[in-house]
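The task is simple: from the sequences and hints, build the whole structure.
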Amino acid sequence: MHEGVTSRGLAPNSLSACVLDLSLCFQLLFSSMCLCLLGIALALLVQPSTDFARGVPGLKDSILAKRHPLHAGVARRAGAAQEDNSGQDWRDLEEAADQRMRAEFVEEDLLLARQQLQFALEEQETAQAQVATAQEQVATAQEQVATAQEQEAIAVRRLARAEESGDAKKVQAAERKVQAAERKVQVAERKVERAKKEVQEAERKVEKAERKVERAKKEVKEAKASGRTKESEAGGVGRFRRPAAFWDSDRCVRF
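Just so we're on the same page, this note's numbering is the position in the sequence shown counted from 1, plus 12.
Please keep in mind that the hints were generated in silico from the structure rather than gathered at the bench. Every residue gets a Cβ at the ideal spot worked out from N, C-alpha and C, and that includes glycine. Certain hints may be false.
[Said to hold, decoys possible] Think about it this way: if two alpha-carbon atoms lie no more than 30 Å apart in a straight line, the pair counts; the simulated DSBU-like pairs of lysine-lysine are: (1) K189 x K208; (2) K224 x K209; (3) K203 x K220; (4) K209 x K220; (5) K217 x K203; (6) K220 x K230; (7) K233 x K217; (8) K196 x K208; (9) K217 x K230; (10) K203 x K189; (11) K181 x K196; (12) K217 x K229; (13) K217 x K236; (14) K208 x K220; (15) K236 x K220; (16) K220 x K233; (17) K182 x K196; (18) K209 x K196; (19) K236 x K224; (20) K208 x K224.
[What the hints assert, rightly or not] Cβ pair distances, simulated, as ranges: (21) L124 x K220: 17 to 23 Å; (22) R216 x A172: 43 to 49 Å; (23) Q127 x E201: 42 to 48 Å; (24) K220 x Q127: 14 to 20 Å.
This is how it looks when you write it as structure tokens:
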């Protein structure tokens, strides 16, 4: 047989030698790993890797700041400038959104004021038409009064002739006609009074509508002035960005 090998396997001396060799191999491997890690740490401390630091935000600056105080100040100023720029961008966006919102509010105010003016003008026209109608009713009622008075005068003359003739039946008939004519006159006079009241009421409606028109015109002027004021506060037309619908020709909105 070969030296160190028996019929039952390896010799005891050979087995201990193998265990010793494996232990030495593990020790060498562990020592190599420790040396590699130590070398990497020294390399990072002496010269930080740009490629490695590029993937981690602020790592290179933090490493350089530990070595160079001047670089630390530069890094702080650069970070503050970046934050300021970011905040300014957000403020610009908020200001633009606020300007658009104010433009929409001004547009809505102007549209509402124009609608109120249109409604007031329509009420004024309706009230004026009611005044004209009431005046026509007054004229018609006055004509009816005049007609009733003429009929009453005719009935009175017939009554006088009947009394002269001495015919009692004719006198009674003439008296009934006179009474009927008097009632017609009274009815016509009441119509005149009622028509005059309608004229007065219609005239009050006209005055109320005229006040509404004046108030609506004032609101339109105030809405226009408010729009110009907000535009000037925003820095002019260039910065006061109105929405597209603000200049919609179909809505007839103009400043």
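Taking the hints in turn, this is what the structure says about them:
1. K189 x K208: holds, 28 Å
2. K224 x K209: holds, 23 Å
3. K203 x K220: Since the Cα atoms of K203 and K220 sit roughly 26 Å apart, the hinted pair holds (cutoff 30 Å).
4. K209 x K220: holds, 17 Å
5. K217 x K203: Measuring from Cα to Cα gives roughly 21 Å; hence the hint holds.
6. K220 x K230: Roughly 15 Å between the alpha carbons, so the hint for K220 and K230 holds.
7. K233 x K217: holds, 24 Å
8. K196 x K208: Holds. K196 to K208 sits at ~18 Å (cutoff 30 Å).
9. K217 x K230: Roughly 20 Å between the alpha carbons, so the hint for K217 and K230 holds.
10. K203 x K189: holds, 21 Å
11. K181 x K196: holds, 23 Å
12. K217 x K229: Holds: K217 and K229 sit about 18 Å apart, inside 30 Å.
13. K217 x K236: With a Cα-Cα distance of about 28 Å, the restraint between K217 and K236 holds, given a limit of 30 Å.
14. K208 x K220: holds, 18 Å
15. K236 x K220: holds, 24 Å
16. K220 x K233: The hint holds at about 20 Å.
17. K182 x K196: At roughly 21 Å apart (the allowed maximum being 30 Å), K196 and K182 satisfy the hint.
18. K209 x K196: Holds, at roughly 20 Å.
19. K236 x K224: Between K236 and K224 the Cα gap is close to 18 Å, so the pair holds against 30 Å.
20. K208 x K224: holds, 24 Å
21. L124 x K220: 17 to 23 Å: Holds, since L124 and K220 (Cβ atoms, about 20 Å apart) stay within the stated range.
22. R216 x A172: 43 to 49 Å: Roughly 47 Å apart at Cβ, these two residues keep to the hinted range, so it holds.
23. Q127 x E201: 42 to 48 Å: For E201 against Q127, whose Cβ atoms are near 45 Å apart, the range 42 to 48 Å holds.
24. K220 x Q127: 14 to 20 Å: For Q127 against K220, whose Cβ atoms are near 18 Å apart, the range 14 to 20 Å holds.
The structure meets every hint from the earlier list without exception.
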